[in-house]
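Q: Each chain is listed here by its residues.
There are 2 protein chains.
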Amino acid sequence: MAGLRTREELKRLEDLGRICRGDIIKMTTVANSGHPGGSMSSIDIFLSIYDFAKNDPNKPFDPERDRVIVSHGHTSPGVYSTLGRLGFVDIDEVIAGFRHPGSIFEGHITRGIPGVEWTTGNLGQGLSVGVGMALASKLSGKNNRVFVAMSDAEQAKGQVGEARRTAVKYGLDNLVVVIDYNDAQISGRAHNIMYVDIKANYLADGWKVIEVDGHDYLELNEALVEAEDSKGPVVVIGKTIMGKGVSFMEGDVSYHGKPLDFEKAALALAELGLENDIDRFVQMRKVLPSYHEQVQAIDEDVKPFTGDPIVYPVEKKTDNRSAFGKAVGDIGRLNKGRLPVMVVDCDLKPSTKVSEFEKVWPENFVQIGVQEHNAATLAGAASVCGVLTFFADFGVFGVDETYNQQRLNDINKANVKVGVTHVGIDVGEDGKTHHCLDYIGALRNFYGFKLIVPADPNQTDKAVRFMSETKGNFVIAMGRSTMNPVADENGNPFFGEEYKFEYGKVDVIRKGKDITLVTTGQVTHHAVKAADELRSHGIEVAVLNVSCPLGANFDSVKEFFSSIVISLEDHNVASGLGSILADYLVGSGIIPKSFEKIGVERYMFSGDNELLYDLAGLSSKAIVERIRGIIK
Amino acid sequence: MAGLRTREELKRLEDLGRICRGDIIKMTTVANSGHPGGSMSSIDIFLSIYDFAKNDPNKPFDPERDRVIVSHGHTSPGVYSTLGRLGFVDIDEVIAGFRHPGSIFEGHITRGIPGVEWTTGNLGQGLSVGVGMALASKLSGKNNRVFVAMSDAEQAKGQVGEARRTAVKYGLDNLVVVIDYNDAQISGRAHNIMYVDIKANYLADGWKVIEVDGHDYLELNEALVEAEDSKGPVVVIGKTIMGKGVSFMEGDVSYHGKPLDFEKAALALAELGLENDIDRFVQMRKVLPSYHEQVQAIDEDVKPFTGDPIVYPVEKKTDNRSAFGKAVGDIGRLNKGRLPVMVVDCDLKPSTKVSEFEKVWPENFVQIGVQEHNAATLAGAASVCGVLTFFADFGVFGVDETYNQQRLNDINKANVKVGVTHVGIDVGEDGKTHHCLDYIGALRNFYGFKLIVPADPNQTDKAVRFMSETKGNFVIAMGRSTMNPVADENGNPFFGEEYKFEYGKVDVIRKGKDITLVTTGQVTHHAVKAADELRSHGIEVAVLNVSCPLGANFDSVKEFFSSIVISLEDHNVASGLGSILADYLVGSGIIPKSFEKIGVERYMFSGDNELLYDLAGLSSKAIVERIRGIIK
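Residue numbers (full-length UniProt numbering), protein chains in the order written: chain A, 1 to 632; chain B, 1 to 632.
Extracted from the complex, chain A is given alone in its bound form (with noise of 0.2 Å):
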């Protein structure tokens, strides 16, 4: 609980320090493995920090709770110490069950386990999920703070000072840094390797900064009660050893991720004055059981109004952007003063059309500038305060720029809604360097990420809505050009009034027992012109539309698949929608008549984008040619 700490306070602190520094040898003795060094270096700054907040170890997940991060992941037998010894979680289990497959107590922190926040390991995300979740709590009137704890290493990551000066921007005073400045890393003193003036660092981007002794209590309380009652985010740098607390390890950079064998952890723990019960632990681990469930935190319901669809007329050429950025804005509409939603951008707002959301409401509107790495990050953190996150972005930032941030969301299990504009060579004159075509081999490389690729406007408009009011992250991937949206073969929307999104549905947008093509997002439209200019041939096409590549519901449509089967898409056509059926005809023994990819061979260059589509064979024209070749 915050506030200056008595004399006697501090002296229980100290004394788990010591005790945090036997457990943290037991664990990693005991499974042969981990990080003891840096973990007794942070110790107590660890102590510090969740002793100063205000988080209730037997209301862990309260949504008012003030929240830890600890960047620097591999520290985990310290973080899992600290939970022990203040009551978040069983010491007994941590000791025993530390990196076994049997227990929660993973190698790096993982979210669900109380008092840890968010699962890190990758260094240098820690400050952006800080961000992320104190600018949640400003725009949720919350007055809950967020503390990071990082490494003096991970300074030297660039997304750090991204993060940074995001923190700046937004004058987030309820954010704490705390530094563990051991300058010791695997390959020797911090300084030599890569030498970064934290402090210069710091103050360059505007921050405060507060310098303490790491390991003494009192100056890690006095900075906390300091930086509290400051107008902007303040970093604490505390000057530490590594290993602190065993003479033999101080200072050893070869106990970064090396653990004592038995005899050493009893030299250190009679060091320490602890008892020496390793055996007791050894004992327990050998009846843990083979796995364990994935943890699982409990985060705030977010259950937006999403409102009703725009229906969008055939005879209108609009744009998937457009009709995402008129849907988010609707929703920014129809939720203000309701439930906070928060759209972060990257200085492409007039062109992925989220300033349609901040017109509606600016307050809530995040332009955190070219610094994608960043933004994705607080975006996937802000996600699960209780805050609706859109995070806005080309294809290429927004996958492939921030690919590993995004894989972090997915492993902490975010429910961030990213949309992605300018995929495909659909994108045009920018060229090779902003083609996406990778929208969907990138995405199924991740577990959780659910993607959609929406046909038309109508698609997209329904899509957003359904993914806003559904748990868990999405990408919705969107091409740049416009087009007529896709019409029955009454020349109705085909996705109008009655159609309702479902994830995985795949849509019969014609019918034919010659062909079926097989495609998603911006090629739909072309698909399905050609196929109505073959019928006038005698042709009989079928347009399979899959809007969700990762989750399609194949089966359903699988009548059509006997047939001469061609997918269609603006995409790597190694990587794609393609790959995804093959897979699925293959392992459902589905034997059609002949199968074909088309999609894009090779980096494409600049030009227009209908001539683009007439090279990879996307186009209407080249498609109905394709066919007219195949079947005389």
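Simulated from the structure, these hints should not be mistaken for laboratory data.
Errors might be hidden in some of the hints.
[As the list claims (entries may be wrong)] Calculated cross-link-like contacts (lysine-lysine; reagent style DSS-like; alpha-carbon spacing at most 27 Å):
no. : chain 1 : residue 1 : chain 2 : residue 2
1   : B       : K258      : A       : K317
2   : A       : K450      : A       : K505
3   : A       : K621      : B       : K286
4   : A       : K303      : A       : K500
5   : A       : K258      : B       : K316
[Said to hold, decoys possible] Every beta carbon over 10 Å from chain B, so not counted as near; a handful from chain A, in silico:
no. : residue
6   : I298
7   : E498
8   : G512
9   : E601
[Said to hold, decoys possible] Covered by chain B, according to a simulated footprint, are these stretches of chain A (three or more residues, beta-carbon under 8 Å):
no. : stretch
10  : 148-156
11  : 175-187
12  : 200-207
13  : 283-295
14  : 434-443
15  : 583-594
All figures in this text were calculated on a predicted structure; none of them were measured in a lab.
C-beta: ideal position from N, C-alpha, C; glycine also.
Starting from the known structure of chain A, fit chain B onto it as the hints suggest.
A: What follows is chain B alone, placed relative to chain A:
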């Protein structure tokens, strides 16, 4: 050519600035697309740098040339007009062809065009490119210099800070950065979007800062001369005005990405005192071809000695990463004093084993610390400057965290040899944040990168030597644990003396008619063990090792696919080898008796890698059980 300019020379440049501004307007108007505002803001900087650099338009690929990197690649009209007016390219072709698919002059500048050293467009990578090229120059003992032009908006990108620190660490006095500080970006004034105190940031990282008027040729020239004499990297911050030179464009951010219409273009050209010959270019454009071949830079040949392979005996357990480290060390030893070889590490050398190289050639061992984005880009850039360049990292960093940096290396057709260790759940206790499960699926999205996933230390050794002497980008992906090298049926090393690595070859390690296991990497030895055990039970199992999943020559082994086929991989089961094989089977019309994919089906947790393999069905024990369940 470097040095102080006379008044006449400056006058000539100034006049070229006026003419180039006209070119910028013409080409964007003719293309009806592109970025005139920033181009006109940067044009005086571009002219000053290209005029100053030692780079003969008649020998644009001379290895001794100075390199000019333009990080804000969307200012291509500015770069192309500069190159046109300085004699590198034909200005008429530029103006007529800009952003047309029949022209090499794409929307973002493209490596291979004379004078363009790197394809950029995704902001924030250019300084890393410059650092890589400046380092390469130092390691090669050349005297050439590197100039990097950047925008102010991209100073917010974290990767810039990473590159900045690296330049200081390596004392790169041959590197000069010039920033176009126009304080304008898409959404408005840069300082409102995401404030960066550019000067303070460079100073904090130890750079020398010179501030000038970015439209004043004298000041720019004096700054470049001063930079040349400095002891470390220098940044020149040039204050500029977006749209400079045409009154109604100046300071108007809407011209960031919007061309003038014909009428406005006429007004602008008149104001610049230039002839309006736009119609001539419109006519030229009409007769351009419908697409162009890829442009190709001429890089220095890199022909290393690769030495004799090391053969690891089957009795002794070892790990692929040790074999990798040894081979890289060997190549260092063999080429020292003959060909520059460089190894880039991100503070993981004891684990990736590249410390073997450091022992041999410490001066060329480049330690970047925890700055993976920068490391990946600088390695790619150095690799096209005559330096044999390795980048070693864990899979989650060298592939996932740096996904878009590797994508740009791919687009740039670089020559970097990426060694990633710690792929798969074979990593064990470090848990899900460190289990790289997408090393195949991620790279499958790129068009050029080659991927090798060696089965054992013997194949690793040969693969490393192969990729070192073979042009192009490679990733070699390795697990963490040790194994007995794979033996043939007589107990000799399968990949022994006689074996020659061949890209794409599928290795038939065991033959058998009952079932075919198709596998890769760390799983291979488990599959072989299972096959040998099953043989003693009368079940004949073929084992195919696919060391090159992205280029596998499945045709050569297709007789094995009519059997029961099972793919086995320590990879996300959805996106790896099994999916590639399914794709091949459907595409080739081959129908196996049955087809099943075994791989990793969820984010796995911490645990001993053998336990995890049991759980995932990848251990020899699990494979035997599975097969005995199928063939009773």
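Q: Looking back at the hints listed earlier, which ones does the structure fail to meet?
A: Hint check: 9 fails alone, others pass.
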